[in-house]
Every structure is written in structure tokens, then in C-alpha cells.
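Q: Here the protein sequences line up with chains A, B and C, keeping their order. Just so you know, the first sequence maps onto residues 1 to 219 in my numbering. Just so you know, the second sequence maps onto residues 220 to 440 in my numbering. Just so you know, the third sequence maps onto residues 441 to 701 in my numbering.
Just so you know, not all the hints are guaranteed correct.
Below are the DSBU-like pairs computed for lysine-lysine, each with C-alpha atoms no more than 35 Å apart in a straight line [claimed, not checked]:
| # | chain 1 | residue 1 | chain 2 | residue 2 |
| --- | --- | --- | --- | --- |
| 1 | B | Lys275 | B | Lys403 |
| 2 | C | Lys550 | C | Lys572 |
| 3 | A | Lys145 | C | Lys550 |
| 4 | B | Lys303 | A | Lys145 |
Partial selection, computed: residues in chain C whose CB lies under 7 Å from chain A [claimed, not checked]:
| # | residue |
| --- | --- |
| 5 | Asn491 |
| 6 | Arg516 |
| 7 | Phe526 |
| 8 | Phe532 |
| 9 | Ser536 |
| 10 | Ile538 |
| 11 | Leu542 |
| 12 | Leu546 |
| 13 | Lys547 |
| 14 | Leu569 |
| 15 | Arg573 |
| 16 | Ala575 |
| 17 | Asn597 |
| 18 | Gln671 |
The hints are simulated quantities; they were obtained by calculation from the structure and are not laboratory data. All values derive from a computational prediction rather than experimental measurement. Every residue gets a Cβ at the ideal spot worked out from N, C-alpha and C, and that includes glycine.
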Amino acid sequence: MASSGIELLLVSLPQLATGAGQTLAISALGILFATLGGVLYGVLATLGSRWLNILLQVYLELFRAIPVLVWLYLVFFGLPIFFGLSIPSFWCAVLVLGLWGASEVGEVVRGALQSLPRGQREAGLSIGLGGWQLYAYVLLPQALKRMTPPTINIYTRIIKTSSLAVLIGVVEVIKAGQQIIERTYESVLIYGALFLFFFLVCYPLSAASRVLERRWAHA
Amino acid sequence: MSFDTAFMLSTLPAFFKAVGVTLQVGAIAIVTSLLVALLNATILVLRTPYLWRLVKGYVELARNTPLLIQLFFVYFALPSLGVKVSGFAAAIITLTFMGGAYLTEVLRAGVEAVPRAQLESGRSIGLSEGQLLRHVILPQAGILSLPALFANFVFLLKETTVVSAVAVPEILYTTKNYIALYYKTYEMLAVLTLLCVLIFLPLSLLLRYLERRLQHGQFGH
Amino acid sequence: MNPLIEFQGFNKFFGQHQVLADVDLKVEAGEVVVILGPSGCGKSTLLRCLNGLEEAQGGSLRLDGQELLGPDTDWRQVRQRVGMVFQSYHLFGHMSVIDNLLLGPLKVQKRERHEAQAQAEALLARVGLLDKRDAFPRQLSGGQQQRIAIVRSLCMNPQVMLFDEVTAALDPEMVKEVLQVIQGLAREGMTLLIVTHEMAFARAVADRIVFMEAGRILEQNHPERFFTQPQTARAQQFLEKFSFVESLPKTLSKPLHKELS
Chain A
1 MASSGIELLL VSLPQLATGA GQTLAISALG ILFATLGGVL YGVLATLGSR WLNILLQVYL
61 ELFRAIPVLV WLYLVFFGLP IFFGLSIPSF WCAVLVLGLW GASEVGEVVR GALQSLPRGQ
121 REAGLSIGLG GWQLYAYVLL PQALKRMTPP TINIYTRIIK TSSLAVLIGV VEVIKAGQQI
181 IERTYESVLI YGALFLFFFL VCYPLSAASR VLERRWAHA
Chain B
220 MSFDTAFMLS TLPAFFKAVG VTLQVGAIAI VTSLLVALLN ATILVLRTPY LWRLVKGYVE
280 LARNTPLLIQ LFFVYFALPS LGVKVSGFAA AIITLTFMGG AYLTEVLRAG VEAVPRAQLE
340 SGRSIGLSEG QLLRHVILPQ AGILSLPALF ANFVFLLKET TVVSAVAVPE ILYTTKNYIA
400 LYYKTYEMLA VLTLLCVLIF LPLSLLLRYL ERRLQHGQFG H
Chain C
441 MNPLIEFQGF NKFFGQHQVL ADVDLKVEAG EVVVILGPSG CGKSTLLRCL NGLEEAQGGS
501 LRLDGQELLG PDTDWRQVRQ RVGMVFQSYH LFGHMSVIDN LLLGPLKVQK RERHEAQAQA
561 EALLARVGLL DKRDAFPRQL SGGQQQRIAI VRSLCMNPQV MLFDEVTAAL DPEMVKEVLQ
621 VIQGLAREGM TLLIVTHEMA FARAVADRIV FMEAGRILEQ NHPERFFTQP QTARAQQFLE
681 KFSFVESLPK TLSKPLHKEL S
């Protein structure tokens, strides 16, 4: 079989594409849950309740002290044992990425909300806005510009970290690549392609984040 | 749910060794990354014509690709080009590759955060560009960068868990190994979690303390 | 007749520090009360207790006969009846002027849009800013923003308006336009509680001056009597600080040109 490297790559493309689809799916779902969870975290952290803040801090420190890969293993091995739940490794990855991402996004949202002038909250309260209205109409819209560039950076990290899912057995793009390598031995080409794949997905996001940060940097 | 504490205790020597490996890999990676970053930052600040673009390209490449891919490339792909490395070496090379890029960004941001007024007053008392760099910019950039540097050091240390994928016997690899050998999943996961908390929680709290102490001169919001 | 607002034995602490001590204050409907006093005397805090931005620890506070210091107080309801204007106006920067004005009426009071809009535009016209209807706060001067902040509170149809040093952050040439609006409200018979340092304005607009120091009300009086014949020594010292221009001794003038020659 004297197939050239490029030919081999082209023939394997469908398999890689399926794997890439899985990677992107894990990333997208992780990003979705991280965003929703993060906004919730940020709002809860600025309500002024001491108990809430302690709870959120414990959650944050747990995800900072324990590396994401360790969390993947904890959930993958631990969930069946501790809760009798056996969820597919795909969803283990989504769960961990979502929870970890939410802690990171949450801190960004909290910082952005706290950087708003205190008077905005008071002005909103003084015209009778209630809890969620205050956040929905006054605080979050104004915090949005400050939140966005760092949050996009977190999205990039979620996409990169999703690569760890291969280590708990998810058949995503790296696994697909490795299967192709087993058949074809074209390791440089395949890993090179994986390199390129992640770069093409992440670099535009990083660049966008920088552009937005510059454009929205208000004095 | 019962914990086989006797078993857990019996594994402690192995885990101590594993912690040693984690710290060893982390420490070496930190030092080499810092050296790489210092070199890069100098090139960026001095804007050496061709090299400057190269450094920028390297930083973008290393920061927008996962550590795992970089690791697999070095460990699995390079051999077919004739370059064979051990898992340990691959780990160091890769962590340096990635760490160097992150630290370069930190140092660059630190230099840019030195207030322009400092440069102007330095020039107006007659300092040359070289003296300006040595006596005004670098010291202040260093202090401004400290929290971010430290944060990235901790990050590098945490990323050592990823190199378990190429059989480097750090804490995660050791845990997986024991689970596979003895099926004591609870116990091993518990030890692993405990070790992580013991090692990384103090570091995280230390980092927060450092950030608060160096609050003045922080860039960003 | 029942006073509209009544503080009785009112106490507030920030931690160990007592900010308000045994305050007794009655305000009748339609009255304009100006609260004066040195910095830190608690006058802003008193205002902020009235719309729930600060919590009190003791005593009683009644609005229109209803006790506000209880666990069941619906502050959202109270805040619709007690409007507040802040020193830094705090308009919502991400919304146009008209949206700033309509937010409360539409989302809190659930009024019909055309009715709320008609009122908002009429009030904007009254303060001379109807042409700024679709502008954004960052495009407006401080004086313009403050006038709009007043209108924003008025659109909620409050019974009482609170003004917390609303001209302190303005450039001097813009102070007059804001004070004129407040004067207009006073003439219409709205109940106003004003904290200010503008002495001349206080004298002109107040029905009653309340002088506070260290969390206590030291003196209450009709403005003319307060400014010409203060009854307490502290009030006297306070007022002297504000007439310092007249009381400064003339600097002996050595003709400069003689020195330079």
C-alpha cells in the first residue's frame, strides 16, 4: 500500500470529522453550561448573602485545587460507585467542563458586576426594581462588555481542555486520529492535523477576544 | 461504604514518591518556562526584526493548542522523525513549550503595564534606552507581573497531571495504576483528592494573598 | 392631620458606630424640608433609611401612617412612593434617556406604554430636555443628566421626593438649572426632603430647616429665623463657615508693581 501521506489523510477525513464533531459537541455543551452556570454564580455572588458567598467560594476552591483531569477521573470512576449512576464518558466530560467552566465564568461575571458603580444598583432599587429585574435590566447589560473578552478566553480553554476527554475513553478527534495512526502509521501528519484543527478553532476566538477588549476598553 | 484505610496507608510511600515526581516535573517546567519567557520577552521589548514575529507566532501556536496534543506530538509523532524521547523528557519539553508561551504573555503585559510617565521621567533625566530598561522598566514590570507569574506557576504544576498520559509516574498516574492493579477505586480516589487539596489549596490561598498585597499597579479592572 | 412622614426615636448603627440617635422628625404633606449639617452628621443616612437603602435598628418610621420598620415591609412598594435623586445621578448608561424614564413605569408599575410615554415626554419638556429624548447619558452634561434623573423619579408618581446633595457633583454653571427644577416641584406642592450645601437655595426653597450633627437633630426652624438667629452654638459655628467670604479679613494690599521695580 504505497498511499501518499496526503491521500491517506483525505481518506481518513470522514473519521476525523466525526471525531471533530464529538470534540466540538463536548466543547459547545460545556460552554453552554459554563455560561449559564457562570451567570448564575456571578449573580448569586453579588447578592450580599454571606452563606451564599461561602458556599460559592467552597465550590470555586474545589475546582481550583483539583485539576480538571483529576475531576474527570473522579466523575468517571466515582459516579458509578458513589451514586450508582453510570453515565457515558461523553456526558462526564460535559459535566466536568460545565462545572469547572462555570466557576471560571462565574468569577468573571462577579468581578464585572462588582466593578459597576454602586449607585447603579441603588438607582435601580429606588425606582422599585425587584431582585431579578435589577440584574436583567440594569446590572447585567452594563456588565456585559466587561465580561465578554475574559469569558471568550475561558471558552478557548474549555475547547482545549475537552481534549482530555480522550483519556476517559471518549471517541473524539484525538481518539479518531489515534485509530487512523494505528492503521497508517502517519503519526506526524495526523497529530499535525490535530494541532491545526485546534488552532483553527481557538485562534479566531482568542483574536476576537483581544479585538473586543481593545474596542470596549472604556476609561 | 467502607474505606480500606489499611490499604490506603500502605500505598502512602508510593504516593509520596509520586508527589515528588509531580513537584520535580513542575519545578523544572517552571524554571525552563521562565527562562524561555525571559528570552522571548526581551525579544519582544527590543523588537528584534525577524525574531519578534517568530516569538509572536510561537506564543499564538502554543496558547491555542491543547497541552495533550503537544504532548502526544512530542512523544508519539517525533519518534517517526527519528527523535525518540522518554515520557519524562516529553513532559518537560511540552510543559516548557506551553508554559514559556503563557509566561511570555505575562512578562509582556507586565512591561506594558509600567506607566508611560515612568519612561518619560526616566528619559528626561537622561537615561539611555538600555539603562531605562534595566533600572526603570524591568524592576517595575517584575513586581507588576508577580501575581500573574505565580498564578501561572501554580497552573503549570496542576497541568503536570496531564503528563500521566505518557506514563510519567506522578500522582494521577500512580492513582490510575493502583486502581487498575487492586480495584480499590474509592480509596485511591480519596487519596488523590486529599493530595490535590493539600498541595494546591494552600497555593491558591497564597496566590490570593499575594494578589491582594500587590493590588496597587494591577492592570486591567 | 397626620404627618406624611414620621421618624420617632429613630436609631441606626454602622457596626459599633451610631450614625443616627433618637431622631424625631415629622414632615407634613407638601412641606419642603431642608436638612443641613456638617459632613458625617447622618443627613444622607436619614434620607436613605426612608427608601430602604439603609436599614435601621430601632425606633419607628411611618409613611402615611404605615409603619415601615418591620419584617414585612415591601420596600419595592415604598420606593415607588418615595423617589430619590442621587449626587451622581446614576442614569442607566446603556439606555437612552426615554428608556431610562420608562423602565420603572413599564416594568415595575406595569402601566400602558402610551400613557407612561406621554407623561415622560411632558416632564422632559418641562425641564427643557425633550430634544434629548433619544440621546444617551454619556452624551449629556452633568446638569442635563441630573435633571433627567429627577424626571426619572417623577415618572413613578411618588408622594415624596428625596434629594441627596444633588448639586454637589456638578460644575457650578449647571447648578442653577437643577435647583430651578426643584424649586418648581416645591411650588407645585410636592413633599420634598433635601440634603444640600447650597445655603442660598436652602434659604429660598425651604419651609423648614433641620440642622443635624453627630446623628442628632440639634435645631429645627423656619429658614429666615435659622439663618439670621440660630438658636444653638453649633448651628452658629456651622453657619459662620459658610459666610467666610465676608468674614475674611482684607489682605493688606501692597501694590505689586512697587515690589517688582
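Q: If a hint holds in the structure, say so; if it doesn't, say that too.
A: Verification of the hints:
1. In summary, the hint linking Lys275/B to Lys403/B is not supported, as the alpha carbons are separated by about 47 Å, beyond the 35 Å threshold.
2. Using a Cα cut-off of 35 Å, the hinted pair Lys550/C and Lys572/C holds, with the two alpha carbons roughly 25 Å apart.
3. Annotation: proposed proximity of Lys145/A to Lys550/C holds, straight-line Cα distance about 29 Å (limit 35 Å).
4. Pair hint Lys303/B plus Lys145/A does not hold up; C-alpha atoms about 48 Å apart against a cutoff of 35 Å.
5. Evaluation of the Asn491/C hint against chain A yields a held restraint, the C-beta minimum of about 6 Å falling below 7 Å.
6. For Arg516/C, the interface hint holds, since its Cβ comes within 7 Å of a Cβ in chain A; the closest pair sits about 5 Å apart.
7. Against a cut-off of 7 Å between C-beta atoms, the interface hint on Phe526/C holds, since the closest Cβ of chain A lies about 6 Å away.
8. With a cut of 7 Å, the hint placing Phe532/C at the interface with chain A holds, because the nearest CB-to-CB distance is about 6 Å.
9. Because the smallest distance between the Cβ of Ser536/C and any Cβ of chain A comes to about 13 Å, over 7 Å, the interface hint for this residue is violated.
10. For Ile538/C, the interface hint is violated, the least distance from its beta-carbon to any beta-carbon of chain A being 15 Å, above 7 Å.
11. Taking 7 Å as the C-beta cut-off, the interface hint given for Leu542/C is violated, the closest approach to chain A being about 11 Å.
12. With 7 Å as the threshold, the beta carbon of Leu546/C stays out of range of chain A, its nearest partner Cβ sitting at about 10 Å, so the hint is violated.
13. The criterion of a C-beta within 7 Å of any C-beta in chain A is met by Lys547/C, whose closest approach is roughly 6 Å, and the hint holds.
14. Of the supplied interface hints, the one on Leu569/C is violated, with its beta-carbon coming no nearer than about 18 Å to a beta-carbon of chain A, more than 7 Å.
15. Interface hint at Arg573/C: violated, since its Cβ lies 18 Å from the closest Cβ of chain A, which is beyond the 7 Å cut-off.
16. Interface hint status for Ala575/C: violated, as the beta-carbon distance to the closest one in chain A is roughly 17 Å, over 7 Å.
17. Nearest Cβ of chain A to the Cβ of Asn597/C: about 11 Å, over the 7 Å cut. The hint is violated.
18. A distance limit of 7 Å between C-beta atoms decides the matter here; for Gln671/C the minimum to chain A is near 34 Å, and the interface restraint is violated.
Violated hints, in rising order: 1, 4, 9, 10, 11, 12, 14, 15, 16, 17 and 18; the structure is consistent with all others.
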